[in-house]
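The listed protein sequences derive, respectively, from chains U and A.
Quick note on the working numbering: the first sequence kicks off at 6 and runs consecutively.
Quick note on the working numbering: the second sequence kicks off at 6 and runs consecutively.
The set of hints was computed from the structure by calculation and includes no laboratory data.
Take these hints with a grain of salt, some might be off.
Same chains, same names: a pair is fine if it fits in one copy or spans any two.
[Claimed, not checked] DSS-like, lysine-lysine: derived pairs with alpha carbons at most 30 Å apart:
{"id": "1", "residue 1": "Lys59", "residue 2": "Lys20"}
{"id": "2", "residue 1": "Lys71", "residue 2": "Lys59"}
{"id": "3", "residue 1": "Lys59", "residue 2": "Lys42"}
{"id": "4", "residue 1": "Lys20", "residue 2": "Lys71"}
{"id": "5", "residue 1": "Lys20", "residue 2": "Lys42"}
There are 2 protein chains.
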Amino acid sequence: MPAAPDAIMGLVEGKDQQELCREVLAIGDTMDVLRGKWTVEVLTAIVCGNTHFKEILASIHGLSDKVLAERLRTMQDDRLIVRCEYPTPYYSLTNHGRDLFALVYRMSTWGLAHRRLMIG
Amino acid sequence: MPAAPDAIMGLVEGKDQQELCREVLAIGDTMDVLRGKWTVEVLTAIVCGNTHFKEILASIHGLSDKVLAERLRTMQDDRLIVRCEYPTPYYSLTNHGRDLFALVYRMSTWGLAHRRLMIG
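Generate the whole structure from the sequences, applying the supplied hints.
Written out as structure tokens, the structure is:
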């Protein structure tokens, strides 16, 4: 899944310092969103079909309902999810949230390779 | 650049809870590596051709030589970079480090879109 790093190296090599700085800052913005505790877990829960509050809560071990309520509000503010009211309240990923999840999901392959490297 | 989130959603939908848990843990492993202060900046510096210690130091604002030396050691332990000795000491990304940088670099597009969304 990671693949084609050389294509990305090529992209970087052609850029000036200012543009690269802007990109590194943007990477930081993404990291800030991802650092929010439980964000990755909540995104995954919703993607997996646990879209109601109680379903999300039940699917994530160690998460309290108070913390989940706060987290869902932050994720709505960050435009990652929307709360839908019909037929009963549930949460859905926005396109922006889906794009983020796609990025995050690619991390699992690297993380597995990393664990193998560190153990091996 | 993010693109094809639906393909990724499809991948997730077919998986059982145990496999998904393993993947979420692996995402956490990747995040742990990325959370290391200056890691993203040092990867970017090396990709941009600042491969000698002094070049890396000069290219990252606010980084001391002591902290950089520690960070380079940690990144070597994490198999992200190697120290080469010839003709003069310099640092190079491993394939594992390049794969990580490719992941990280994709975050810049999302981060830029996020900033626009938050400001707009």
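Hint by hint, here is what the structure shows:
1. Lys59 / Lys20: Between copies only: 21 Å across, 47 Å inside.
2. Lys71 / Lys59: Cα proximity of Lys71 and Lys59: one copy only (12 Å, versus 49 Å across).
3. Lys59 / Lys42: Cα proximity of Lys59 and Lys42: one copy only (18 Å, versus 36 Å across).
4. Lys20 / Lys71: Between copies only: 29 Å across, 45 Å inside.
5. Lys20 / Lys42: between (34 Å within a copy, 24 Å between copies)
Every hint, counting from the list given before, is met by this structure.
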